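A.B. asks: Sequence:
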Amino acid sequence: METQEVVSVPDELPANPVAPKPRRTKLIVGVVALIVLLGGAAFVGGRLLNQAAPTGGPGNLIRMSGKGGGASGQSVSMELVPAKELPATQPEATGLFAERKDNSIYVTIGNKFMVQVDEKGNVDTQTEGNGAKVEVVVTSDTAIYKDVTEHDLGGAPPSDGKVQQQVAPGSLDEIGSNSFVSAWGERRGDRVIAKVLFYSQPMMFKTP
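Numbering (this note's numbering), first residue to last: 7 to 214.
No false leads were slipped in.
Derived lysine-lysine pairs resembling DSSO-like cross-links, with alpha carbons at most 30 Å apart:
id, residue 1, residue 2
1, K139, K107
2, K168, K152
3, K152, K90
4, K168, K201
5, K139, K152
6, K107, K201
7, K139, K90
8, K201, K90
9, K152, K107
10, K168, K90
11, K152, K201
12, K139, K201
Don't read these hints as lab results, they were simulated from the structure. If you're wondering where the values come from, they're calculated on a predicted model, not measured in any experiment.
With the sequences and hints as input, model every part of the structure.
C.D. replies: Right, here's the structure in full:
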């Protein structure tokens with residue numbers, strides 16, 4: 007059995023934006039969280055952090071599927087308080103890692119991302135759209151961060167509905183298949199000279 011969920015996310019920013027807009031604090035805390043029941047335990051795979059939630063969007067969407075294929079759904083909206091290490095403006099490029107060439111990584115931009123989790127817990131991510139890619143150039147001056155935000159899906163949500171985003175120093179070598187990437191810096195057409203690079207890996211969480 008294979009479970010999949012498709013979620014729409016905002017299109018990429020224009021190549022030459024007039025002025026950066028402040029990043030909203032209500033972000034998607036795992037745009038897609040797929041729960042597959044495996045041997046009595048539930049595993050969650052796939053998340054996209056640091057994306058501004060669309061106006062009127064649900065914020066965080068969780069869907070559950072059992073072995074028999076029946077599904078029940080619930081939506082949980084939480085406000086993610088951005089990590090102070092990340093810029094307060096929208097990133098110049100956000101998308102799914104496509105490939106790496108030396109110190110450049112290529113991000114596939116699309117309006118839909120799909121996360122698939124099979125019965126063995128293997129995670130596969132795909133993007134739907136025109137397949138346009140943006141080159142993100144990493145230099146010695148680029149600050150690289152990875153997402154380390156903890157999500158306790160088995161516990162009660164925060165009383166104030168807020169979750170503090172946590173980041174830690176990352177490495178270009180950790181970015182690979184299934185990574186979601188955001189880059190801030192200087193945009194030159196389909197290339198971004200990154201000053202700040204943030205990435206989130208698909209994670210597996212075990213819940214009661």
